[in-house]
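A.B. asks: These protein sequence lines map, in sequence, to chains A, B and C. Counted the way our numbering counts, the first sequence spans residues 1 to 102. Counted the way our numbering counts, the second sequence spans residues 1 to 81. Counted the way our numbering counts, the third sequence spans residues 1 to 116.
Please note: incorrect hints may appear among the correct ones.
What the hints assert, rightly or not - Derived SDA-like pairs (lysine to any residue); straight-line CA-CA distance at most 25 Å:
#	chain 1	residue 1	chain 2	residue 2
1	C	K20	A	C49
2	A	K86	C	M64
3	A	K86	A	M47
4	B	K25	C	D31
5	B	K17	C	K20
Unchecked claim - Listing some non-contacts, in silico: residues in chain C with all C-beta distances to chain B over 12 Å:
#	residue
6	F12
7	I42
8	K101
Worth flagging that the hints you see were computed from the coordinates, not collected in a lab. Just so you know, these numbers come straight off a predicted model, no measurement behind them. Yeah, the Cβ is synthetic: ideal placement off N, Cα and C, and Gly gets one too.
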Amino acid sequence: MDRVIEVAEFLNLAEGKPTAVFPLGLPVLLVRRGAEVRALENRCAHMGCPLTSGTLEGDILRCPCHDWRFNIRDGTFLDAPELSVKVYAAELRDGKVFVRIP
Amino acid sequence: MKKITIYALSTCLWCRKSKKYFEEKNVPFEAIDYDKQDPEKQKAMMAEMRAAGCTGSFPFIKIGGACVQGYDPEEFEKHLK
Amino acid sequence: MNINARKEALRFLFRPIADKLGYKFTPVEEDADFLLEKEAEIEAETGIPYCPCQARTLDRAENMKMVCPCIPFHRAHYDAMRRCWCGLFVHKDVTDPDKLKQVPESSTGGRGAGIK
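Could you put the whole structure together from the sequences, leaning on the hints where they help?
C.D. replies: Written out as structure tokens, the structure reads:
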């Protein structure tokens with residue numbers, strides 16, 4: 001069964017800057033986009049580098065280690081769609097951010 | 001006899017196989033390991049490979065006026081004739 | 001750095017990536033062992049497990065396309081050869097890599113032209 005875990009205060013998230021959180025100990029990153037928040041696995045599909053210190057341009061997050069690029073909307077790796085990072089459902093309630101962990 | 005020069009990487013399996021190929025045929029060659037050269041020499045080697053239409057993949061082998069990228073005994077044979 | 005331990009770690013990290021891309025480690029164990037050892041040595045020196053058969057330049061964007069497994073950045077070329085340039089990975093259906101030819105990218109419709 002899915003677990004819905006509170007991970008952050010919405011107002012504490014900087015616009016467009018990835019933030020690391022650890023629901024149930026899992027590495028997850030949050031990206032605030034206007035009134036929305038996206039949540040994805042904070043571990044590169046290549047060698048496991050944390051993606052939070054990567055660079056975000058539009059919807060594309062570039063890993064700081066070896067420049068692998070992922071679309072934050074669906075987690076896909078731009079240079080091979082067979083590879084991806086997990087995407088989690090993020091929910092906003094009462095100014096708090098929750099992440100749904102399957 | 002045609003002059004043979006092998007541009008190689010010291011870490012490359014196919015560069016080793018290429019050197020072995022010419023050694024076993026008793027064909028003399030000069031081998032230059034790209035990764036053991038100074039940056040200026042590396043730049044010149046890379047420019048030469050790219051000018052020949054190649055990428056930075058090794059080995060790059062000059063046989064007389066021809067060049068072969070990769071370990072390809074059939075091509076070596078053809079150009080040695 | 002314990003090179004042998006790092007070789008095993010690289011195997012562990014790269015196997016699932018290659019698998020999803022339709023590739024596997026070369027069944028020629030001696031070659032896989034040699035190539036992984038060179039990658040581990042390159043990683044110990046530079047911090048990055050670059051392909052042992054491709055040359056690095058001062059261009060980061062170019063260099064990042066030769067970090068192992070570099071299959072995603074050379075897909076058409078490697079699919080045509082049925083293996084990656086250094087030979088660490090072969091297509092899943094390959095049983096005898098010695099029968100494969102190493103073909104330059106220019107011959108498979110990629111960059112460069114006129115070689116051979």
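A.B. asks: Each hint needs a verdict: does it hold in this structure or not?
C.D. replies: Status of each hint after checking the structure:
1. The suggested pairing of K20 (chain C) with C49 (chain A) holds, with an alpha-carbon distance near 19 Å, which does not exceed 25 Å.
2. The straight-line distance between the Cα atoms of K86 (chain A) and M64 (chain C) is roughly 23 Å, inside the 25 Å bound, and the hint therefore holds.
3. Distance check on the hinted pair: K86 (chain A) and M47 (chain A) sit about 15 Å apart at the alpha-carbon level, within 25 Å; holds.
4. A threshold of 25 Å between alpha carbons decides the hint, and for K25 (chain B) with D31 (chain C) the separation of about 23 Å falls inside it, so the pair holds.
5. Restraint check for K17 (chain B) and K20 (chain C): the C-alpha separation of about 30 Å exceeds 25 Å, so the hint is violated.
6. With a minimum CB-CB distance of about 21 Å to chain B, F12 (chain C) clears the 12 Å threshold, and the non-interface call stands.
7. With a minimum CB-CB distance of about 6 Å to chain B, I42 (chain C) fails to clear the 12 Å threshold, and the non-interface call is violated.
8. Here K101 (chain C) does not stay apart from chain B, with its beta-carbon only about 6 Å from theirs, under the 12 Å limit.
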